[in-house]
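Participant: In numbering that gives the first Met the number 0, the protein residues as written are 0 to 1062.
Any given hint could be a false lead.
[To be verified] Within a straight-line C-alpha distance of at most 30 Å, the following computed DSSO-like cross-link-like pairs (lysine-lysine) qualify:
(1) K866 / K553
(2) K290 / K850
(3) K880 / K111
(4) K825 / K866
(5) K801 / K768
(6) K728 / K791
(7) K37 / K252
(8) K553 / K741
(9) K716 / K952
(10) K801 / K741
(11) K198 / K7
(12) K268 / K237
(13) K111 / K801
(14) K290 / K7
(15) K768 / K294
(16) K728 / K952
(17) K813 / K833
(18) K858 / K825
(19) K138 / K72
(20) K451 / K290
(21) K198 / K461
(22) K880 / K741
(23) K768 / K858
(24) K698 / K741
For the record, the hints were derived by calculation from the structure and aren't laboratory data.
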Amino acid sequence: MLSIATIKSTGVTTNYFAKDDYYAKEEDVDEASMWYGKGADMLGLEGSVKSEEFRLLLEGRLLDGTRLGRTTKVTFPSEVNIEQLLEGKSGVELRLNDVLAMKLADGRKLSKLLDEEQLKDINCVRSSEILDVKDNMVKVRHHRPGWDFTFSAPKSVSILYEVGGDDRLLRVHEQSVSRALDYLQANAVQTRIVNESGKSYAQTDNLIIARFTHDTSREMDPQLHTHSVIMNATQLPKGEWRSIESRSMFRMKMLAGAIYRAELARGLKALSYEIEQTHADGRFEASVVPKEVIKEFSTRRQQIEERLQNSYVNDAKRAEEAAIKTRSYKREEDRDKLRVIWSSIAKELGFDAEKAVTQHRLFDMDKQVPSRENSENIVDGMALRLDQDIIDRDYMAVNSASEAVVFGAAKLGERESVFLEEDLIKEALVHAIGDVTVDEVQEAIKDNAKDKQLISATLDGKQAWTTPNAIYLERSNVAIMWSGQNSVSGIYTLNDLQSELDRRGFTPGQRGAAELILTTNDRITGVQGFAGTGKTYMLDAVREFAENQGFTVKGFSQAAAAANVLQQEAGIESNTIAQHLIDMNKLLSNRNSHGKDKRLKNTEFDKQLWVVDEASMISSRDMFEFLKYSERVGARVVLVGDRKQLPAVEAGKPFAQLQRAGMAVAEMRNILRQLNEHLRAAVYDSIDGHARRALERIKDHVHEIVDKDLRLQAIVKQYLALPSEEREKTLVLSPANEDRVKLNDRIRHGLQLDGTLTGNKAESIVYIKEGLTQVERARASSYETNQVVRFKRGYRSLGVEKGEYARVIGVDKKNGELTLRSFNGKEIRWQPHKLGGHSKRGGVAVYREEKRDLMRGDKVRWTDNDKTRGIHNAEHAQVEKVTGNNVTFRLYNGEQLEIDIAKPENKHWDHIYTSTVFSAQGQTASRVLIHGEDWRRNLTNQKTFYVGLSRPKLSIDIYVNDKAKFITAVEERTGEKSAALESVKRAQRDSRETTSKTARDQSKQQQGNGSGLQRRGRIIDKDGLVHDNLNYNAFGEQRVLKQSQKQQRERQQRQEMERETSR
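Let's have the full structure, built from the sequences with the hints guiding it.
Facilitator: In structure tokens:
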């Protein structure tokens, strides 16, 4: 694995490695350290790391005389004269900390004279060098020393190397580290350039790295690892040294770790060791080392310390050393004793590490084909083999890298229409761990691009890729919308509608939306409405008007709870999008099987109005299927949502894309929800992405608490201090699930103390859905033992029925087979790639188990649907009675439900005192408490900030770890989903080598790869449906071809004929 630590103190870091004896001594060169990287070569650094060189580089003092860093001024109160205090200290190298520790004549420390804000501002420069002093001002140079990238081998590899004595593994480890660092050096190094033109970033390709390799952890167990200390310095092409902008390196942490693991696994396989992947992110262990041994060596510190100290009993000279706690064993003599202890412990557990290594050495030699020159001495052949570059050995099938890239693109493509090349490389390496290298994957990406299976794109200025399927879906959505323009008659004329609308008291936005929906000639329209603008109230009126004209209005949403709210508050019969697509597929399949026309026009659907709520949360694929069915039956569609709020979990942003493509849209901007003027203004600021301005408006309700435990406790304290009736109107939000669970537990503890939760406690297991993509569910290696699988449909060949649950008890990743045990004791052999795993809507659901308990008064949220019992996903319920495992709930609709929570079908619930922001979209509360952290890249952005801020009517309190960083994080991260057509266009426009003719040819080729056939302004999709009046420009964008007056007259005549026929 790879961990990254920011080095904050030069002195502490230098002392840390000095204590470990990593540095080279004059009399004994320590081969465990070395300089590495092009930057080191430029400075003439080679061989082992010397302590003084290491310290100077951490301080930003390069060997060529360059000084890196920025200057900062610290001003003390006017009563303090720093110059006088420093008299007599000339020639002494002082740090700001030295000044802060000085005392005045009255005994006060200078640090106590600065207020809290000043201390916070100078916190990162406390150890900085003082450049100048004048009166009460101190000028310091601040330079961030660097970063410690620590690559750690799997525990089993450390055991084989350190306990088993397989020294070859050290070289494999070192080469794997080198390959990961080489990739970072070539792709992740940037420096920031600030000049009159503004701020920009320059890419470089050189790093200065001090590498320190060791084989023991602080827990005194075998742990092969390398500290790669990257100095904060890189050289521009013209020779100027600059500090590094580290965000790219941090962003590529997961990829660098994947490269290390892939190269290491490849090396182990080359040495005849089999590996077993243990985690979905590619972590693995050597199969030869038993799991019990790996586990025990991770928890043996106390036992090893006792045995090590006992080994000193008869050695008086070492008696004092035995008492030293801080890494005294990290000497060669102590390491020998540790190896004896480790070997003894392993043998006690039934594992002989030395024997296992010997067997693999012999097995590896048997695989060689000796020549005449070395057949007489196999040992010489082995020595020759150790001199070869093990990592680069051609060990796998030619097509494995390409297959890994295809898998990676399919997995990433389910979540994003466009994905970065670095993410694709990482997924491919994880998929084929040990079978492919990063170079092979990069070559396979180029091959797939040549074959048009990957389409080049640009994302945030970086190389990215999309797929023909993503382009097809986006084009088709726009095509269906365009084909429905000017194709229907309005439900009302504008004149007939005016008097009806006058009586409703609508805002201008509500009125405009109702007018568009009821008078449009377009079959597909949209309502773009900010949070809290009264969209549901408007839809209630639209339903009434449409029903008066003989129309049936149906509602749809992604979540069952949201569909129920739409039904209850707007009176619109509603269902989930997923269920609607299933129902329509069955309906049309049945009708087609009886020979009826695919398009099914002039049926009961002609006078149906389909209203889609929270349309921003619908993916490209779901939108395509929904619009395709609406086109085939002739139903009208209204997409209602807010493109500024949270997008779909799956790929695409079709609601925003359709608006950009010319869908008729009414905008609702008049926010009604917030009754507090400052809060409403803050919501408008958040819509515009101005987090700083928004938080300034509510600054008295923004609380900065650095320590997470104290921060969570403050939220809990505020919530519990509210009267019970106020708690009912309060929403607690946290971006991450792990923090949500912690807040739930603490709130429930407080509710037990104040008597809100009473009576018997029913302990239970709940099922938490694993976030597997469709392609992951079809891959056996994505599963782990003890996970629970529920079959959403019956499979006769497996002998399972619909709704049956089974536990994973074995994973055969090599053959792609899982062994399951159903809850009635039956054993099932299942290959998910052949059956059930690929199905999107009817296959399987995968869960992990977590412990929960229930008491009378508890509130829960259902996490799955069971319509037969009135349970809807995301709806709330309250516990009224607990008797053993039998729990009686009061449901959202007021009805009672008694269930046995020990049964698997009754484990789909969780406590609801805290929600994630994603599940809170669409909810309203009087008061909201939000937990925020700047470092959560995928959860802290403009969209989550806007959704959280727009939930309350009256007040909000936001608790953050760092206010300044939180503001920066929100303003820099839009949270936008990617769109294939936009990103492809951007890539083509940015490419200097692409001419307009080449772009047009490429667009036509992409259309041929699954996008449909274009003929004289028409596109024929895969289903054979013809979309008229369309064309594509050079960048894959669609545009409407103007119709002639004759074509318009023909269309109107056809519509009149259809109306007559329907009568």
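Participant: Does each hint fit the structure? Answer for all of them.
Facilitator: Cross-check of the supplied hints:
1. K866 / K553: holds, 18 Å
2. K290 / K850: holds, 25 Å
3. K880 / K111: violated, 57 Å
4. K825 / K866: holds, 28 Å
5. K801 / K768: Satisfied, since the Cα-Cα distance of roughly 18 Å is no more than 30 Å.
6. K728 / K791: violated, 36 Å
7. K37 / K252: Measuring from Cα to Cα gives roughly 20 Å; hence the hint holds.
8. K553 / K741: violated, 39 Å
9. K716 / K952: holds, 21 Å
10. K801 / K741: violated, 35 Å
11. K198 / K7: Holds. K198 to K7 sits at ~25 Å (cutoff 30 Å).
12. K268 / K237: violated, 43 Å
13. K111 / K801: violated, 69 Å
14. K290 / K7: Answer violated: K290 to K7 is near 37 Å, above 30 Å.
15. K768 / K294: Cα-Cα ~27 Å, so holds.
16. K728 / K952: holds, 10 Å
17. K813 / K833: holds, 15 Å
18. K858 / K825: violated, 35 Å
19. K138 / K72: The hint holds at about 5 Å.
20. K451 / K290: Not OK: K451 and K290 at ~44 Å, beyond 30 Å, violated.
21. K198 / K461: With a Cα-Cα distance of about 18 Å, the restraint between K198 and K461 holds, given a limit of 30 Å.
22. K880 / K741: holds, 25 Å
23. K768 / K858: holds, 20 Å
24. K698 / K741: holds, 26 Å
The structure shown violates the earlier hints numbered 3, 6, 8, 10, 12, 13, 14, 18 and 20.
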